[in-house]
Amino acid sequence: MTTIVHVVNQFFAGFGGEDKAGMSVGVIEEAAGAARGLQSQLGAETKVACTIYYGDNYFHEHSEEAIKAILEAVRSQGAQALVAGPAFNSGRYGMSCIEICHAVATTLEIPCVTSMHEENPAIGTYRDLADPRVFCLPTTETAAGMTDALKALAKFVSRLARGETIGPALQEGYFSRGIRRLEKTDRSGADRAIDMLLKKINHEPFTTEVPMEAWDDIAPAPPLDNLKARNIAVITTSGVVPWGNPDRFKTYRNTHWRKYNIAELKELEPGKWEAVHGGYNVAYMNKNPHYGVPLDALRSLESEGVIGAGKLYPAYYVIPGNQGSPAVMRRVGQEIAADLKKDNVEGVLFVAT
Amino acid sequence: MSKELEKAGLPVALVSAMYPVAEQVRANRIVKGVSIPHPCGDPSLPQDLDTRLRREIVQTALRALESEVTGPTLFTPNMAVSG
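Line by line, the protein sequences are chains C and V. With the first letter of the first sequence counted as 1, position 34 gets the number 1423 in my numbering; the numbers rise by one all the way through. With the first letter of the second sequence counted as 1, position 42 gets the number 69 in my numbering; the numbers rise by one all the way through.
I should point out that these hints are in silico values taken from the structure, not numbers from a laboratory. One or more hints might be untrue.
[Unchecked claim] Think about it this way: if two alpha-carbon atoms lie no more than 25 Å apart in a straight line, the pair counts; the simulated DSS-like pairs of lysine-lysine are:
| no. | chain 1 | residue 1 | chain 2 | residue 2 |
| --- | --- | --- | --- | --- |
| 1 | C | 1457 | V | 34 |
| 2 | C | 1588 | C | 1648 |
| 3 | C | 1661 | C | 1617 |
| 4 | V | 30 | C | 1617 |
| 5 | C | 1617 | C | 1573 |
| 6 | V | 34 | C | 1648 |
| 7 | C | 1617 | V | 34 |
[Stated by the list, open to error] Example chain V residues on the side facing chain C (calculated, C-beta under 10 Å, incomplete):
| no. | residue |
| --- | --- |
| 8 | 40 |
| 9 | 48 |
| 10 | 73 |
| 11 | 76 |
| 12 | 107 |
Heads up, the beta-carbon is just placed ideally off N, CA and C, and yes, glycines get one too.
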């Protein structure tokens, strides 16, 4: 006999919709709402010890307290696994399911499963977290697919609770997290690659062992007309910072950005700047920081009127890009964009190493 | 990062020596940089030519900002300026 807990929002716990979305975290010491459906799919071997619920808005407005309360409730049950959702295509609910699973998996080391529609924006967060103890199964877009969703969750969570090893995403049907595992095989990489190449040449289907991440297209921002009237800023991921690295950037996986004043400067003098970056040889950049922040060229173009006088933003922005996670870089991009918009910057020269 | 800036309506000229990666992650205005450790210039050149090359790269980036594009587009600086 194994025990699990089920975490749902106020709606699926049976309290009500938007008018109840402000409810704080609560515990019902039995299977309630959607958890009752889950229990009926689980059979006698696995028991839902309790139903934990929270208001959709409450979670996002008080996420620290909410997660703390949920962790306490889960810990007190001594459960072997956790189910959150299904969230279908609700972004707010999906996000809280992923965050709860990740918090429980990392803090209590309990495996978790949730489920939602493939277009739920929380899937992006799930992939970025790539938590080996968190699994997310696909559902239909709406709660019309509730029975099937609960069936799939029940089957999966029973296996988690029994401590079964879960196979790769393609075999098991959960959304891929991009985690790679070592596998034994009796054929060398060269053999397998030649096989794939031959299949490719013969237009036969084959499965790559190293899938590339898919990236969204973003509509290009409109071009600048009358360039010399436009405010331009420089951003760099080269890691060029004032000598001494005053804001303590690391050589990898940074999570913050800074901007450094260049308003009075005609050029970046060697010895006053250094590059902090673990992904390339910084010797050239240290000798001549213009390789990362081409201030000399910008100033000469400014003196010739190609860039308007005073139109170069008085500071440049930097975060050393080495091993930056896509999630962090997205946030940093949003924060810098907001800062630039506030100061009416209209175009960006971005130097990436 | 550059895509978040474009989402906010700011055109970005992305100078990178890893332009195939920039294309792969769907950046829109990409300027071919010289090399990963020195995108804006070439330390093997005499200083005046290095400076001239850097200026060409920055001018190419400015031209990219002025250009209408519909998707990932590569702008190549004229390396001949460095002799």
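The hints, checked one at a time:
1. 1457/C - 34/V: 34 Å, violated
2. 1588/C - 1648/C: Violated, because 51 Å separates the two Cα atoms, which is more than 25 Å.
3. 1661/C - 1617/C: 30 Å, violated
4. 30/V - 1617/C: With Cα atoms ~24 Å apart, residue 30/V and residue 1617/C stay inside 25 Å; holds.
5. 1617/C - 1573/C: Violated, because 60 Å separates the two Cα atoms, which is more than 25 Å.
6. 34/V - 1648/C: 21 Å, holds
7. 1617/C - 34/V: 23 Å, holds
8. 40: Holds - the Cβ of residue 40/V comes within 10 Å of chain C, reaching about 5 Å at its closest.
9. 48: Where the cut-off is 10 Å and the nearest Cβ of chain C is about 9 Å from residue 48/V, the hint holds.
10. 73: It is violated, given that the least Cβ distance between residue 73/V and chain C is near 13 Å, above 10 Å.
11. 76: Hint on residue 76/V: violated, closest Cβ of chain C at ~13 Å, above 10 Å.
12. 107: 17 Å, violated
The structure shown violates the earlier hints numbered 1, 2, 3, 5, 10, 11, 12.
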